[in-house]
Each structure stands twice: as C-alpha cells, then as structure tokens.
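> Next come the chains, spelled out residue by residue.
2 protein chains.
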Amino acid sequence: MSGVAEKRSARRGRGARRMARQARDVTMLPALKRGLPLTEPMDEGQVARIDAASMHILENTGVVFRDEIALADWRRAGAKVVDETVYPDRGLVRELIATIPETFTYHARNPANNLALGRDRAIFVPMTGAPYLRDLDDIRRTPTLADLADFHKLAHMLPAMHSTAHHIVEPYDHPISQRHLRITYSSIKHSDKTFMGMTTSPRNAEDVMEICALLFGAEFMEDHPVTTGNCNGNSPLVWDETMLGAMRAFCRRNQPVLCSPFVLGGANTPASTAPAVAQLNAEALSALAYTQIIRRGCPAIYGHYLSTVSMKSGAPMAGTPEISLMNMMIGQMARHYRVPWRSSTALGGAKTFDAQAGYESATTLMALQMAGANYMWHAAGWNEAGMHCSMAKFVTDAEQCAMAYRMAEGIRWDDFDAAVAAVAEIGPGGHYLGHAHTLANFQRAFFMPDLFDNSAYEQWKAEGGIDTNIRALAHARELLAAYQEPALDEGINEALLDYIARREREIPAADALNQEY
Amino acid sequence: MSGVAEKRSARRGRGARRMARQARDVTMLPALKRGLPLTEPMDEGQVARIDAASMHILENTGVVFRDEIALADWRRAGAKVVDETVYPDRGLVRELIATIPETFTYHARNPANNLALGRDRAIFVPMTGAPYLRDLDDIRRTPTLADLADFHKLAHMLPAMHSTAHHIVEPYDHPISQRHLRITYSSIKHSDKTFMGMTTSPRNAEDVMEICALLFGAEFMEDHPVTTGNCNGNSPLVWDETMLGAMRAFCRRNQPVLCSPFVLGGANTPASTAPAVAQLNAEALSALAYTQIIRRGCPAIYGHYLSTVSMKSGAPMAGTPEISLMNMMIGQMARHYRVPWRSSTALGGAKTFDAQAGYESATTLMALQMAGANYMWHAAGWNEAGMHCSMAKFVTDAEQCAMAYRMAEGIRWDDFDAAVAAVAEIGPGGHYLGHAHTLANFQRAFFMPDLFDNSAYEQWKAEGGIDTNIRALAHARELLAAYQEPALDEGINEALLDYIARREREIPAADALNQEY
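Which chain is which? The protein sequence lines are X and H, in order. Positions 1 to 517 (the working numbering) are the ones given, in order, by the first sequence. Positions 1001 to 1517 (the working numbering) are the ones given, in order, by the second sequence.
Keep in mind that the hints are not guaranteed to be accurate.
[Stated by the list, open to error] Some residues of chain H that are not near chain X, with every Cβ distance over 10 Å (derived):
no.	residue
1	Glu1040
2	Ile1097
3	Ala1098
4	Leu1214
5	Arg1252
6	Asn1268
7	Ala1282
8	Val1420
9	Tyr1483
10	Glu1485
11	Gly1491
12	Ala1495
13	Glu1504
[Unchecked claim] Residues on chain H that point at chain X, a partial pick, calculated with CB under 8 Å:
no.	residue
14	Val1081
15	Thr1103
16	Ile1139
17	Thr1142
18	Thr1144
19	His1224
20	His1336
[Said to hold, decoys possible] A short list of chain H residues far from chain X (calculated; beta carbon distances all over 12 Å):
no.	residue
21	Ala1052
22	Arg1066
23	Glu1084
24	His1388
25	Asp1397
It is worth saying that the hints were derived from the structure and are not from the lab. All C-beta atoms in this analysis are idealised placements derived from N, C-alpha and C, irrespective of residue type, glycine included.
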C-alpha cells in the first residue's frame, strides 16, 4: 500500500469511528432518583425485632476485631473489650452511627460526573475482583492490564455505569505487590467518572489516598468524597487487620468505605432469612460504628456481599428468592439507621453467558430496584459466582441497568391530558403511529434495547441467527473501537505517574499478599 | 432377546422410572398466597385520574362492539348506542362491574388441585397459542398433537404450574375446524389440574362448555368455575363478534373469561405509559361490564396482553421498563375495581433460549410478582414474542415461577428466636453447617434450583460444559420419561370421546376459521 493510500485508509477508519461515536450517546446518566415506592416486607415491629436481635448479639456475643489498634480505639470509645472481642452496647452503637451522613455527593474529576448518593439516590458500579475474564472472543482466560483498561473504557462509555470501579478483573501481568497502583491509575486515566479505591492492604489503601490527593488535592478530600473502599467482614462476627487498617486509611481522609459482611447464607449464618439478616445487621453496625470512632462524621455505607449456599454442594447461588427477600429486609434496616446502603446487583452463577445468567442477573437487579439499594455494586459483568467477568455480559448488564433505571424513575404524567385527547382523536379501530403525540413522544416513550433482538425469526436468521452473547461481543468491540479518552491535566498525569514509579521502586515486585503494614 | 430377559429389562425400566418419580416431587403447589407488599406506583389521586380518563373515553369516544347481539344487550341495559359504538356512562359501568366476584375458587377434576383466585391469591398458567415449538432436540418446527400432549404432561408434573392451559402449541396435524376438541381433551386427559377453554369461535366455546359439562356436570358449573376463556379486544376500543360470542358461551354457564385488550404500546395506544393504561382500562372495563350484562354475578377477570413496540422496527418487545410500570399500574386499577387480574408472566422475544430470553422473562416475572397479578398466564415456555414455545424454557420458567412463588410468600419468623440463639452458640468465626438449627432447617431454608448450575468451573467442564438450554432439555426428557397419567373415570372418558367423535363427524374437516356460529 502506498503512503497516500495508507493515509486515506486511516482517514476512512477515523471517519468511520467518528460516525460510530456520534451515533452513540455515551453521556452518563445522572445518579438515579427513585420514583417508585420500595418493597418493604417488614412492618415497624419486625424492623424493631431485627434491630433488637442485632443489638443483643453485639452486647452478648460480641464481635471480634483482629486488630490491636481497633481494640484500643473501641476501649477508648467506652466499649467493653475482652481479648479480641468487642461488646459494644446499643447506646454506644446508636450514638456512633448517628453521625454517618444520610446522603453525600461523590466527586468525579469531571464535575459533570458528580453523583448524589443516599436516600432516594442510587448509582450503578461495575463488578470487581474477577480472577478470569471471558474476552471479546468468548475465551475464558487470565486477565491483563490491557483487559482491565478495556473494561474501564467500556464503563466510561456505558451511560448507566456511574463508576469505573477498580480491579474489575485482576491484571495478572503485573506483580501483585504493585498491582493496586496500576489498577487505580487505569480506572482514573480511562474515564472521568468516579472510581473505587483498592483496600487490599492498609498500605495499598494509603497509596490510593495519596493518588486521590494528587488528583483532587488533599484539602479537597477533607470534605469531598472522591472514591469508595470496600471492607469485607468475615462472617460470623469477625473483622480482620487488613480490612480494618484499610478502613482507617480511608476514614482518616474522610473517604467512605462499604462495611460489607461477607455472607454465605446457611454456611456462615443461620439457615433462615430473618435470623441471617439479624446477624449481618449486627456485623454491619459494628463496622459502621467503628468508622465513626476513626473519624466522627465520615461518610460510610452499609454494605454486604450476600449469597445463599446450595445445601447440596456448598456452592453460592444467585437470584434465589431468599437473596431477594434478604435484600429487601436489609434495605429497610439501612434506611432505619439512615445510612446509605450498598448491595450486589447483577450476579450470575453460570459458566457461560446463557439463559441462567440472564435469569439470575435480572432477578437480582429487579429485587434490588424494589429494595432500594443506593450503591448498586457488581452491576455489570459478574458471572460464574464472580470468578469471571464477561465482556458480553458487561455491556448487556449495563443496558439492563439503564432499563432498570428507567423503571425505577417511575411514571411521568406530563403528557397525560394531551395523550388522552389523542385517544379521542384516533377513536376505535384507529392507529397511533402517525399521530402528532406519537411522533413527539416515541423516542422517550418506550425503552428500545440495542442488545436484544426483537425482529421476526426470518429476519433474525437472515442476519446470521446469532444469540445475545455474540451480539453483545460485537457491541463491546464497536464501543471499544469508538472509545475516546477523556482529557486529564498533563501536570496531574505526570504527578500520578511519578508517584507510581516511585512506589514501584520502593515495593519489591514479589508476591506481597502478606506484606507488612 | 428372550421373553424372560425382555420382561426383566422392562421391569428394570419400570423400576428406574419409578425411582425417578419418587425422587421428584410433582405435587402441585397450592394457589400462591402473597405475603409481600405490592408495588403501587400511583397514589389515590392518580388512580382516580386514570379512572376518570377511562370513564371519559367510554362516555365520549365509546367502544365499538362489532356484534348485533352485544349491541342489543347494551341497549337493553340502558347504554347509549350509536351504530356499532356503545357509550356506557360511568354509573352504568360501575354498577355492572360491582357484581364481579373479587375472589372465587377454580375447580379441578381432582379437588386436591382446586385453586383460590383473586385478592392475594395467584396462580401460574403456561403460555398458549404458539405456532411453532422448539422441541426436545432444540429444533424449531411445526407442532403436533403429540407435542401438545408433551407440554400438557410437563404442566402436570411441574409443581408451580397450576393449569395445563389449552393450546400451548398449535397442533397442525389435526384439522383446524376440529382442533379445539382434541386440544381440550388433551388438556383434560393428561392432567387433573385446571385447564383453559378455547374461544376460537362461539361454537367452539360451546363445545368446550359441553365438554366441561360432561366432566363436571352442567349443574355443578352453574356455581363453580371450572375453566377460563380468553377474549382479546382489538385495541383501540373494539371488541369483535368472535370474541363476544365466545364470551357469551362462557358467561351464560357462569364460567370466567379474561377480558383482554391486546395492547402494543405505541402502535394501538398513545406512546406513553399512563395514557396507554387509561385506554387499556377503558377497554377492559367495557368488556368486564358486558360480562355482567350477559350474566349478573358471573366471575370475570380483568385481562390484557401488553407489550411495547420498538419504534425502530414496529416489533413487540419484552421485559422493558414501561411494560413493568404499566403492569404495576394496571394491577392497581384492577384492585381499585375489586376484580381479579390477569397478566402475562415470562415473556421473551429471543429466537433461541439464550441470555436475552432469561433477562426478559425474569424481569417480567419479577415485575408481575411486585404488581400482584392473580392469573399469571404465559408463565412458561414463551419465547420469540409468542411465536414458539420452547421445551427448555418451559421447564426453566416453571422453576423460576416456583422461586418467584417462594419470594412472594414473604418472610417467615417461626424460627427466629431459635436461630438467633444459634448465632450466640456458634459465636464469632464459627460455622453453621453442622449446627442443629441448620440441620433442622436447611431443606426449607434456601431454594436450590435444579436447572441452574452452581458448581465450580472445573466440575462443570468435567460434566460436559453444557449450558442451561441443554440442561433444561435433558430435564424435560427425564420428566416426560417419568410421567404418570392421572386416573380419569372410565365412563366420563368414554363420554368425552363420544362427544368429540360426534362433533368431528358434524364439523367438516376443512379450514373453518370463518365457520358460522
């Protein structure tokens, strides 16, 4: 190919990409403002019963904090502490959690992408933590930093995704001890939406805070939440040193953490929904209270990972009725305490992106919409019980979130009288497709998914007879081809890279899962 | 093979089948009694606004009844009638629908399978009307009476299915003019659950009533609903002669019909949810009112088929947010009028049993559970916008209905104190799998789907790496192999066969879609 032809071809390529970009609206949806009444399966007496049981557990069974600093903090706060077990009384717990803000605003590096959270406001955040991916060729394999970047790019472009999260997939091509630096940089560089901060160790969490300070300014962070850390509990009733140290790193800088008991219903809770919620609630309350010991008034989020376990195999399940019910109950408890609430959104246990994955994910998503979760984590990509993130499922889930978003907004009445007048104009036996009201409203009237095929069988067959998985992979490829990186201040970018380079010189590139704090 | 060996082999076969039967509980679940609060997106004022708009439409735009008898009936009832258009005033409509029973009991030929319906009671009924099936080999083809029998057998064995419905698939190997007879016989013979009655013409509906009279006794039917007919409206605002004649056949015998406007939102309604519901509500009310002109006090069900239409292709969609919202609103309207409500449950638009089918079906099912539908039709098998019934989807949907059933029952508290005591006994860091409460409760604690794989990737791969579609087809095959036909009184069976034989002699075996009444 001659130089000129090459240039022309490149220009055509660019032109085609630009057209694809223009055709696709990648503007982020604002934080969801719920307009539908929530499903609240408990009456006031039942909420009080869960609360009383949880407080009884805290006071009498106690919670183990495997961390000397936390134990000292609890003692100072006035709690009874015996060895590693803290027995906070209900008065202290209530007093502490009372200072958690009911709502706050997440700040993105692009202020247009700031997000209100809490009460009737909710955001969708992609899945994280997958040790495998199903890639653009539907191959299940070990992920790399390039794969992670692709997921961050997709999260940037999908309107219902409000965050790039952090390690959507684990980038195995980079040393584990340094991985949190590159993950954080990737989630910042490829998008100007909000992102999550790694909590894999207290020191890693400090690195994330330093990176945030470079990006937003340390002072700005003092009264502006800019990222989210997740701290998993070890159910039943244990919080460990790694998580508590990371929690302190975040809370000291006024950054919110998700206080997430890790519940496998029936294995590490009683085999019954209401009692499992009572235990989970005690666990969440103990961590939420501790965030306020670390820093009074710091935002914090009532979290959990929640599954039920197959009593045949011990495997976690997804989309079961008890998960839905427990989510509805937990939502009520979080609102009872006036604390924002995180749950897990589009979970699937299937090994491929098949009907099972669809049923499980849609069931969980619908239950969470009715339960009223605020921080809707794991909202895209999660399959195989979190063992892999699927490119196909990622884009499909994101569209489902956009649909769930629309549903949760509720009903609009602004055109009611005009449209009822149209009924009279059309009359019995008429049709609406050409009517002025239809023409004025059809684009906003009914959600039209890009990824679901509604054509006739013959047309579908003529177009290749492909299933959702193949269609979604093509869609992901198209999106990635049209991706445009949002601008990042050059000085800030250099500062971030300098910090990462310095820390990579300091941190041995060895396996550092057990690195010292 | 020698005779003895043959017998032994047959015995082993029977033994194996018996074991499979014993292993699988095919006992029907009772009618669902809802224990979850419903999602009601409208306040009282908004319900009143829909009601007023619908009444305004009835009084001023009117409804076309393309049927001389119906027009005469309406005139006698005191309605204004101009040509084919009836303009019933709101007083008359309210007076008429007031006599529709809010609840009633469906009677099955096996009284153990009787079903309460209305208010907080709901039943699941398979899809009907598919011109194609996806069979046990996943081949999409034209169905036969044998295929229909297989679906009736599956409906009989699946615990969450409360009815065999009627023509789940269209049996093309039998003349259309006589088909309703064989369809009805198949739905009765292969199961002792409730069934639906064909309404493909007024005369066909009379045949169904005669068959029901042979099965239950004509007198019994006078105060016991034993079947359901469906009468589709032609939206906007038209009811035709076929449907109205069939309606009369059912109502005269006190048998309930579903008064079902056939709504393709945006095509035959305004392109907006609330106004579309106002129109649909007017249509449903006009038919519900007419059932009470036919026979005062006859049970009737507020129905509809409801889809939104892609404004790109005109194709009906499934699982869209607007369908969910409209279902929630319609549920409120039906309860406002104290009439049982039918909706469509597990709709999919996919051409195969893929992720799309799963998302769409689960979304619709969840929305309907929260909306509080009583007669949950099209609850199993529906894919390709109703163009095919899928064997794989049929059994999977039925399991999903069992899961949705469990969710809708709500939370149980009977073991709360015992299980909270277990939390204290287990203590921080313990595990529950061996605890007495777990052992006593694990079988009822968490739903474990048979059709979804939750095993680890390696195990799944070792077991063949199959997806839900293949797994579900194997499950359907197993069920059919274990099927046992419920007993039917020999005299009644002969009477049914005699009736069918006589009618088949009387009805020409030609295309009789336009047969005379």
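> Taking the hints in turn, state whether each one holds.
For each hint, the structure was consulted:
1. Separation of Glu1040/H from chain X is inadequate, the least Cβ-Cβ distance of about 6 Å not exceeding the 10 Å criterion.
2. Even its closest Cβ contact with chain X, about 20 Å, leaves Ile1097/H beyond 10 Å, as expected for a residue assigned away from the interface.
3. In this structure Ala1098/H is separated from chain X by more than 10 Å, as the shortest Cβ-Cβ distance comes to about 25 Å.
4. Taking the minimum C-beta to C-beta distance to chain X, about 39 Å, the non-interface status of Leu1214/H holds against the 10 Å cut.
5. Residue-level check passed: Arg1252/H sits 26 Å from the nearest beta carbon of chain X, beyond 10 Å.
6. Not every beta carbon of chain X lies more than 10 Å from that of Asn1268/H, the smallest distance being close to 6 Å; the non-interface claim is violated.
7. Not every CB of chain X lies more than 10 Å from the CB of Ala1282/H, the least distance being 8 Å, so the non-interface label is violated.
8. The claim that Val1420/H is not at the interface with chain X is violated, since a C-beta of that chain comes within 10 Å of its own (minimum 5 Å).
9. Tyr1483/H, annotated as away from the interface, keeps every beta carbon of chain X farther than 10 Å; the closest lies near 24 Å.
10. Interface exclusion of Glu1485/H from chain X stands, the closest Cβ pair being 30 Å apart, more than 10 Å.
11. Look at Gly1491/H: its CB is around 44 Å from the nearest CB on chain X, clear of 10 Å, so calling it non-interface holds up.
12. At roughly 41 Å from the closest C-beta of chain X, the C-beta of Ala1495/H stays outside 10 Å, upholding its exclusion from the interface.
13. For Glu1504/H, the shortest C-beta to C-beta distance to chain X comes to about 33 Å, beyond the 10 Å cut-off, and the non-interface label holds.
14. Below 8 Å, beta-carbon pairs count as interface contacts, and Val1081/H has none with chain X, the closest being about 13 Å; its hint is therefore violated.
15. For Thr1103/H, the suggested interface contact is broken, since its CB lies about 23 Å from the closest CB of chain X, more than 8 Å.
16. Violation of the interface hint for Ile1139/H is found here, the shortest Cβ-Cβ separation to chain X being roughly 13 Å, above the 8 Å cut-off.
17. Annotation: Thr1142/H was flagged as interfacial toward chain X, and the flag is violated, the nearest CB pair being 13 Å apart, outside 8 Å.
18. Checking Thr1144/H against chain X by beta carbon gives a least distance of about 19 Å; that is not within 8 Å, so the hint is violated.
19. Hint on His1224/H is violated. Least Cβ distance to chain X is approximately 33 Å, over the 8 Å limit.
20. A cut of 8 Å between beta carbons decides the hint on His1336/H: the least distance to chain X is about 16 Å, and the hint is violated.
21. A Cβ of chain X approaches the Cβ of Ala1052/H within 12 Å, the least distance being about 10 Å, so the stated non-interface status is violated.
22. With a minimum CB-CB distance of about 9 Å to chain X, Arg1066/H fails to clear the 12 Å threshold, and the non-interface call is violated.
23. The claim that Glu1084/H is not at the interface with chain X is violated, since a C-beta of that chain comes within 12 Å of its own (minimum 8 Å).
24. A cut-off of 12 Å between C-beta atoms contradicts the statement that His1388/H is not in contact with chain X; the least separation is 8 Å.
25. At roughly 9 Å, the least C-beta separation between Asp1397/H and chain X is not larger than 12 Å, which violates its mark as non-interface.
Hints 1, 6, 7, 8, 14, 15, 16, 17, 18, 19, 20, 21, 22, 23, 24, 25 from the earlier list are contradicted by this structure; the remaining hints agree with it.
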